[in-house]
Each structure stands twice: as C-alpha cells, then as structure tokens.
Amino acid sequence: MNRIVEKQDLSENVVRMVLEAPAIARKRRAGQFIILKVHEKGERIPLTIVDSDAEAGTLTIIFQVVGKTTTALAAMKAGDALSDVQGPLGNPTEIENFGHVVCIGGGVGVGVVYPLAAALKKAGNRVTSIIGARTKTLLILEEEMKKVSDRLIVATDDGSYGFHGFVSAVLQNLIDEKEKIDRVYAIGPVPMMRVLCNVTKPYGIRTIVSLNSIMVDATGMCGACRVSVGGKTKFTCVDGPEFDGHEVDFALLTNRLRMYADQEKQSLETYKCKVNGK
Amino acid sequence: MENNEVKPKKEKVPRQKMPEQASDIRVKNFNEVPTGYTEETAITEAKRCIQCKKPGCIAGCPVDVDIPGFIKLIAEGKFIEAALKLKETNALPAVCGRVCPQEDQCEKVCILGKKGEPVAVGRLERFAADYEQQAGNISIPAPAKPNGKKVAVVGAGPAGLTIAGDLVKLGYDVTIFEALHKAGGVLVYGIPEFRLPKAIVEAEVDYLKKLGVKIETNAVIGRLKTVDELFAEGFDAVFLGVGAGAPVFMNIPGENLSGIYSANEYLTRSNLMKAYRFPEYDTPIVRGKNVAVIGGGNVAMDSVRTALRLGADNATIIYRRTEVEMPARIEEVQHAKEEGVQFKLLTNPVEYIGNEDGWVTGVRCQRMELGEPDDSGRRRPVPVAGSEFVIPVDTVVVAVGTTANPIVPATTPGLETNRWGYIVTKDASGLTSRERVYAGGDIVTGSATVILAMGAGRLAAKAIHEYLSRS
Numbered sequence: 001m002n003r004i005v006e007k008q009d010l011s012e013n014v015v016r017m018v019l020e021a022p023a024i025a026r027k028r029r030a031g032q033f034i035i036l037k038v039h040e041k042g043e044r045i046p047l048t049i050v051d052s053d054a055e056a057g058t059l060t061i062i063f064q065v066v067g068k069t070t071t072a073l074a075a076m077k078a079g080d081a082l083s084d085v086q087g088p089l090g091n092p093t094e095i096e097n098f099g100h101v102v103c104i105g106g107g108v109g110v111g112v113v114y115p116l117a118a119a120l121k122k123a124g125n126r127v128t129s130i131i132g133a134r135t136k137t138l139l140i141l142e143e144e145m146k147k148v149s150d151r152l153i154v155a156t157d158d159g160s161y162g163f164h165g166f167v168s169a170v171l172q173n174l175i176d177e178k179e180k181i182d183r184v185y186a187i188g189p190v191p192m193m194r195v196l197c198n199v200t201k202p203y204g205i206r207t208i209v210s211l212n213s214i215m216v217d218a219t220g221m222c223g224a225c226r227v228s229v230g231g232k233t234k235f236t237c238v239d240g241p242e243f244d245g246h247e248v249d250f251a252l253l254t255n256r257l258r259m260y261a262d263q264e265k266q267s268l269e270t271y272k273c274k275v276n277g278k
Numbered sequence: 001m002e003n004n005e006v007k008p009k010k011e012k013v014p015r016q017k018m019p020e021q022a023s024d025i026r027v028k029n030f031n032e033v034p035t036g037y038t039e040e041t042a043i044t045e046a047k048r049c050i051q052c053k054k055p056g057c058i059a060g061c062p063v064d065v066d067i068p069g070f071i072k073l074i075a076e077g078k079f080i081e082a083a084l085k086l087k088e089t090n091a092l093p094a095v096c097g098r099v100c101p102q103e104d105q106c107e108k109v110c111i112l113g114k115k116g117e118p119v120a121v122g123r124l125e126r127f128a129a130d131y132e133q134q135a136g137n138i139s140i141p142a143p144a145k146p147n148g149k150k151v152a153v154v155g156a157g158p159a160g161l162t163i164a165g166d167l168v169k170l171g172y173d174v175t176i177f178e179a180l181h182k183a184g185g186v187l188v189y190g191i192p193e194f195r196l197p198k199a200i201v202e203a204e205v206d207y208l209k210k211l212g213v214k215i216e217t218n219a220v221i222g223r224l225k226t227v228d229e230l231f232a233e234g235f236d237a238v239f240l241g242v243g244a245g246a247p248v249f250m251n252i253p254g255e256n257l258s259g260i261y262s263a264n265e266y267l268t269r270s271n272l273m274k275a276y277r278f279p280e281y282d283t284p285i286v287r288g289k290n291v292a293v294i295g296g297g298n299v300a301m302d303s304v305r306t307a308l309r310l311g312a313d314n315a316t317i318i319y320r321r322t323e324v325e326m327p328a329r330i331e332e333v334q335h336a337k338e339e340g341v342q343f344k345l346l347t348n349p350v351e352y353i354g355n356e357d358g359w360v361t362g363v364r365c366q367r368m369e370l371g372e373p374d375d376s377g378r379r380r381p382v383p384v385a386g387s388e389f390v391i392p393v394d395t396v397v398v399a400v401g402t403t404a405n406p407i408v409p410a411t412t413p414g415l416e417t418n419r420w421g422y423i424v425t426k427d428a429s430g431l432t433s434r435e436r437v438y439a440g441g442d443i444v445t446g447s448a449t450v451i452l453a454m455g456a457g458r459l460a461a462k463a464i465h466e467y468l469s470r471s
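Chains as they are written, first to last, in my numbering: chain A, 1 to 278; chain B, 1 to 471.
To be clear, the hints were calculated from the coordinates, so they are not data collected in a lab. Treat each hint with caution, since some may be false.
[To be verified] Label pairs and their computed distance ranges (CB to CB):
hint: 1; chain 1: A; residue 1: THR254; chain 2: B; residue 2: SER139; range: 53 to 63 Å
hint: 2; chain 1: B; residue 1: LYS145; chain 2: A; residue 2: GLY124; range: 51 to 61 Å
hint: 3; chain 1: B; residue 1: GLU356; chain 2: A; residue 2: SER160; range: 30 to 40 Å
hint: 4; chain 1: A; residue 1: ARG3; chain 2: B; residue 2: GLU103; range: 48 to 58 Å
hint: 5; chain 1: A; residue 1: THR254; chain 2: B; residue 2: PRO413; range: 36 to 46 Å
hint: 6; chain 1: A; residue 1: THR254; chain 2: B; residue 2: ALA448; range: 34 to 44 Å
hint: 7; chain 1: A; residue 1: ASN173; chain 2: B; residue 2: GLU356; range: 32 to 42 Å
hint: 8; chain 1: B; residue 1: THR35; chain 2: A; residue 2: ASN13; range: 48 to 58 Å
[What the hints assert, rightly or not] Where chain A lies over chain B, by a calculated footprint (3+ residues, C-beta under 8 Å):
hint: 9; stretch: 279-293
hint: 10; stretch: 399-412
This structure is a prediction, so every number in the text was calculated from the model and none was measured. Beta carbons are placed, not taken as given, at the ideal position from N, Cα and C, and that holds for glycine.
Okay, chain A solo, but in the shape it has when bound:
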C-alpha cells in the first residue's frame, strides 16, 4: 500500500499527487516511470515520475483525468492509499551535456518533460523550453519549468496566453532564427510529437520522444506496449520509454493506443453510474 501524501488540482482535469514510495524515490532517475494500481480490482497504468524526494521517501506524479482509473485516482485524497506502486521502470533518460537542448511539452506532457529539463539543466546544458496547452487554464508547471530553463516559451492553441499557436510553430521559429539546437525532447500527445519530429527531421536535429503505450506488466513480459522503431519491434517498457522520434512509427502507435477505446468508455460509464448511484 502506498499512501497519498499530497493532492493538488493543477487545472480542471490535471492532478498532481505526491505518493509515499521510499524505495522507488531513492532509486529513481529522470525519465523513469511507475505502474500504479488504485485498488484490488484495478488495472495497471504507467505514469511518469515527475519528481522524487529521496529524504521524504516520496514521488510526484501528474496525470490527466481521461478514463476510469484516472477518474477514480482523482477522486482519492491525501491520506488514502493505493493498492500498488511498482517502479522505477523503463530506462532513465540519457543525460549529458549536449550543448543547447530544447525541451518541449504539450498538455500533461509538460509533467513528463519537466524532470528531463531539470536533469539536462543540471548536467550543464543550455535549456530552452517550450510548453503548450489548448488554453491558458490548462497550462501546467510554468513556474517549475521556468526554474530549470534558460529560456521558457509558452504557447496556447487559442492564444489566451503566450504565443498563439502550436509548440511546433515555436520550434520552427527557433530553427528559422538560426539557433543552434543540439537535441530536442518532444513529449505530449502523439499528433504533437509526430509534427515536432517532422519539423526537426529536415535539419537532422536529434529528437527524443517519450511514448505512452498501453502496458500491463511493464517489465518486458507481455509486449502490449510494442512499437515499431526504425522498422524493428521494440517494447516501450524495457527498450524505452524514450526513442529516436525520427524512427518511430506513429501511425502504429496511434492505432494501438485505440485498441480498447470502446471498453475504456464502457468502464468509465459503469464507474460513473456506480458513483452517482450512491
């Protein structure tokens, strides 16, 4: 059992939680994730470790409320306990001083790119960050990102805050300004990552994406999370979660993420009926 220490709503459907998990907190490195299970009958879902405090023995996660599990998780409060937290899983991000790195996060993906930006900054990189959201009220972690970036650019799709447009347009502007970029980290919804990879590819800028495949065991046992990278099948859980974005088959990823769309809807509806019926 892992207790929830803190819970905070970051926007209308994005929640930040601090969980008790001392052993994982001691070991975890940037880029790794956990699997959590809310209760005995729950499913196992992967969530990136946004931050950790080895001394306090805690982990921070940020999630968007989309399906049944995240809805049930968001309904929990500080002091409640999750039945299972497993980790740290996946390969840590390769952290070096690459020079100038651009860290891009879209939507809840900002939570995933934040620990990378922090670790890259610490390793001596010049960090330019671009974070985006549909609208101002959905933007998360602006202050935190500012602290770990030499420069932070905010974009909103509707222009309610910062640059009016997609993060990909901001990146294109940076490239057009002849900024030398050594590496790009692009994390967010699949369409966003796909577009960002298309932006950097002609310039040969190495672009790392972090994939959010469906997983079950997350230790290389089941292959639910298989993706095609450079024409080869890889498991996101043990070979990733980060891959060279120019090699990823995003169409396959999109299809596989939709595999349980109907059941996910059914599960959420059943849950809502049950909760409202009480």
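Take the given structure of chain A and dock chain B to it, following the hints.
Structure of chain B alone, referenced to chain A:
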C-alpha cells in the same frame, strides 16, 4: 466389470475417473474443469496402489514425494495426514496435483501401468491437498530455530516458492522479491482459472507466509534493487527464479496490428488482471469472435480455451506440425477438442492482414509437410509451395514460446548467460558464475514445467544450505 487378471481371486479395479464439468457448460464459465475425487473414489483409487517395495514413482518425481506413503494414508482414510506427508517434500501439492505432467513422471513408471492403467497419483495428490485446504485447519509446523542467515529469492513462481519453503523450514530468514503485485508467477499470470483456481495458489502462498517467508511484491530486482544491492543489504545468498518471461514473436509482417497478442499478455490480462470479469475488474481484453492461436503447447491450449470462454465463435489452433509433435499434454488437447477448438495442423502463418484502423482481419498461412527430423528429433515442417490461404480472424494470440527476460542478468555484473540469455549454472545445484548467486527454473532451462522449476528450487535450497552451513 472386466476381469481378465492372471490371479483370478482379485478383482481388478479400474483407474478411477475424475468427474468434470460437461464441455458445453464449461465453455461458458471459468470454473475448474475437473471437479475432484470424492472421499470414496479417492480411497478406491488409493487402494489400487500395490505399495511397491522399490517404488519407481518416487524416482520419477522431481521433488521426491513419498508417493506410496501418502497414497497409503489416503487408503486408510487419513486424508490430513496424507496432505502433511505431501508437504514434507512438496510446498505446492494442490498445484502439482493439477498441473504436473504425471503421465511423463510418476505415473509413467508406475508398475500398474505396465499391464493396465497407472495409479492416478496426480488426482490423489490433488484430493489430499484440497481436503486439507477445505478442512480450513491448515497445520503449520513449529517454526525452525532462526539460524541468523538471510536469503533473497527473486521471483515468486514455482522455483522461488519452493526454495523459500525449504529454506525457511531450515531456519533461514527468507524474503521473496516479486516483480508483479501478486505472488505465484506463472501460476497466477499464466495458467487459467479453469485449470488452476487462483484461490488454490493463494492458499499455498499463504501457507508459506505462515511458515515465515516474507514476500515483497512490486519489487522488480534489477530496477528497484540490484543483486549486488541485496548483498549489501545483508543477504547471504541470492536465488534467481525469474522465469522465462519474455514473449517470442515470429517477426512476420503485420504482427503488431491491433488485436494481436502475445500469449503472455492475453493470459496475464485474463488470469492475473481478471479481465474476463471486466468491467467489474478494470482491465479490458478483446473478446474476439474469430480467434486464432499460434502454437501447439500447453500455453496455446490455455489461450485458445480462454478465447472460447470469452465468447469466441471460432477458436482455432494453428500449428505447423501434426498433433503427434504437439508439446501440449494430451489431456489439454483432449479438453480443447471437447470444447470445440478447431485445429489447423501443418499450417504456418506468414503474414497478418489488417484493415484501415490497423486491426487484424486475417492470417495468411501456408501449408506444411513434414521433412527430415531436426535437432529436437521431431520431423521438420517444410512449406508446401503455392499453398497459401487466408484464415479470417479478429484476434490472434501468438503462443510460440518465451525467452529469457534480460533485466536481472543485465544488471548483475559477472553473471554468465548463454547465447539465448539464459543463466548458466555450474551443475544441478544451480550455482551460477557468481559466488552465492544461484538460479533455477525457466531462467536456466528455458520454458519447462512447474514441477521441474520446483525441483530446481529444491536442489538450490540444499546447495545454499550446505554452502551457508560451512561459512
């Protein structure tokens, strides 16, 4: 009753059948298929055992169960005592009674089998173990005097549970580290409820806990802690029983289409995560109408029978050799046939076809014929030119085997593995290239059986005990 014995005085009692759910009923539920002996049939069957002076059956058992001993107790109606006798050498009798391939082990060498049918050792084992569990009064042996030595067991599958049970009885402080959220390994994620009820596994795991074994779940060794960190924490020896948990795919075009599962994933969703009870349980599974399962082993049979229970209209085994070469137990193939599974033999998939949403719609197959024997001694299947055809499907389960999971070897410097990634051991003791590190089960042998993994756990327990008693 037939009576053509040489000794006319003694009436020959036939091997007692175990009642089972009718096939048309059982395909609609996940309850166990055979329902077990009654006390009466158990005694009748037990009395068939002639109590050989030199019992071959014990030698046929990887964990040396005193088979005539426990059977004699059943014949005398001492069922609890029979269970205790089993537990002297077998930590998981209710499991073994169900999933051991007795026909290749104890029952194969039973003297009665020479002229008729062997004693139903497995069914009797199951009966005694179930009797004790159902009596609800599981007796726990007095705890051994702690010897002050700590052993870490990595993996709570058959090998790990066995070694843990053996060592705790010798006074060791034993902790099992299990990657998943539940102990049992393949017994909980792999073997379906209808073949091995999970309550049975839980009861056996509980028994080990009562003996004093500590189990840490959600502990992925190699990620959360390395083997070297376990030594640094004060463990005196480490046993690696991590299984051969990585799925094998065939690497043919279209294999990543939606609707195509590894058997590991399909069975884990259904068994461990209880997706067959979705949405009561949160984990979904595709309930295909036309399901093809690739492979001819026990895992393939488990998958195809699961597909039927999940509501498939057509559940088909696609296997490249013939029924004779199938590695599955005859009993499993028989059960699958009774339940309506179709068999496309001498057939091999070459490509998967999908629709515009990336969902599988067909398996392109080629017919095979048997050629010369290969390394395994089985005749090698050879494709028949121009024989390609398509089987329409909406779900596929690839059950062509598993391989070593690299997480532990990759994070344990000096641990020797072979070219397939399996851990190399010096001898049957399970000692690896690293001092005080032992390994056993599928991670050493490649995919094998529950009981062979248990046997390896037993031998490693002995070796660790000998080693640590010296130091």
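Could you see if the CB distance from THR35 (chain B) to ASN13 (chain A) stays within 48 to 58 Å?
holds, 50 Å
Quick check: does the Cβ-Cβ distance between THR254 (chain A) and PRO413 (chain B) fall within 36 to 46 Å?
Once the Cβ atoms are compared, 40 Å apart, the range 36 to 46 Å for PRO413 (chain B) and THR254 (chain A) holds.
Distance restraint evaluation - GLU356 (chain B), SER160 (chain A), Cβ atoms, bounds 30 to 40 Å
Since the Cβ atoms of GLU356 (chain B) and SER160 (chain A) sit about 36 Å apart, the hinted range of 30 to 40 Å holds.
Would you say the stretch 399-412 of chain B counts as covered by chain A, given the rule of at least 3 residues with C-beta under 8 Å?
holds (count 3)
Is 48 to 58 Å a correct range for the gap between the Cβ atoms of ARG3 (chain A) and GLU103 (chain B)?
holds, 50 Å
Cβ distance range 53 to 63 Å for THR254 (chain A) and SER139 (chain B), holds or violated
Cβ of THR254 (chain A) to Cβ of SER139 (chain B): about 57 Å, so the range 53 to 63 Å holds.
Supplied distance hint 51 to 61 Å, evaluated on CB atoms of LYS145 (chain B) and GLY124 (chain A):
holds, 57 Å
The stretch 279-293 of chain B covered by chain A? Criterion: 3 or more residues, Cβ-Cβ distance below 8 Å.
holds (count 7)
Is 32 to 42 Å right for how far apart the beta carbons of ASN173 (chain A) and GLU356 (chain B) are?
holds, 35 Å
Go ahead and decide if the range 34 to 44 Å is satisfied by the Cβ distance of THR254 (chain A) to ALA448 (chain B).
holds, 39 Å
Checked against the numbered hints given earlier, this structure breaks none of them.
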